[in-house]
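Let the hints inform the model, and build the full structure from the sequences given.
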Amino acid sequence: MKARDYLWCALNLVLDREEQLQQLCPDCRSRVEEERCPVCGAPRGSCTGSENAAFDRQRYEKLMRGEKP
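Counting from 1, position 39 in the sequence shown corresponds to residue 25 in our numbering; the numbering is continuous, with no gaps.
Everything labelled a hint here was simulated from the structure, so no lab data went into it. Hints should not be assumed to be uniformly reliable.
As the list claims (entries may be wrong) - Pairwise CB distance ranges (calculated):
id	residue 1	residue 2	range
1	24	-4	34 to 44 Å
2	52	12	56 to 66 Å
3	6	45	27 to 37 Å
4	52	15	46 to 56 Å
5	32	4	42 to 52 Å
6	51	19	38 to 48 Å
7	1	47	46 to 56 Å
Predicted model, so just to flag it, every value in this text is computed and none were measured. By construction, the Cβ of each residue, glycine as well, lies at the ideal position given by its N, Cα and C atoms.
Below, the structure is given as structure tokens:
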């Protein structure tokens, strides 16, 4: 593919996205356009932080020392 083909594809992706957004009611459109946390899905800034809640620090420390969990 040539550079213009990639540009054409990217432009059509943007136009398709805009068309999908136009089909939504204003309330749903605002929720879709809201930035969300990629981990928990909560609105950006309202989640607890960047640490994974399922992370087991004690197990990690044992593995780092070469011990069996």
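We went through each hint and held it up to the structure:
1. Taking 34 to 44 Å as the suggested C-beta distance range, the pair residue 24 and residue -4 does not conform, at roughly 22 Å.
2. Here the CB-CB span from residue 52 to residue 12 is close to 57 Å, well matched to the stated 56 to 66 Å.
3. In this structure the supplied range 27 to 37 Å is violated for residue 6 paired with residue 45, their Cβ-Cβ distance being about 43 Å.
4. The hinted range of 46 to 56 Å is satisfied by residue 52 and residue 15, whose Cβ atoms lie roughly 53 Å apart.
5. Distance hint check for residue 32 and residue 4: the Cβ-Cβ separation is about 27 Å, which falls outside the suggested range of 42 to 52 Å.
6. The hinted window of 38 to 48 Å between residue 51 and residue 19 holds, with their beta carbons roughly 47 Å apart.
7. Here the CB-CB span from residue 1 to residue 47 is close to 51 Å, well matched to the stated 46 to 56 Å.
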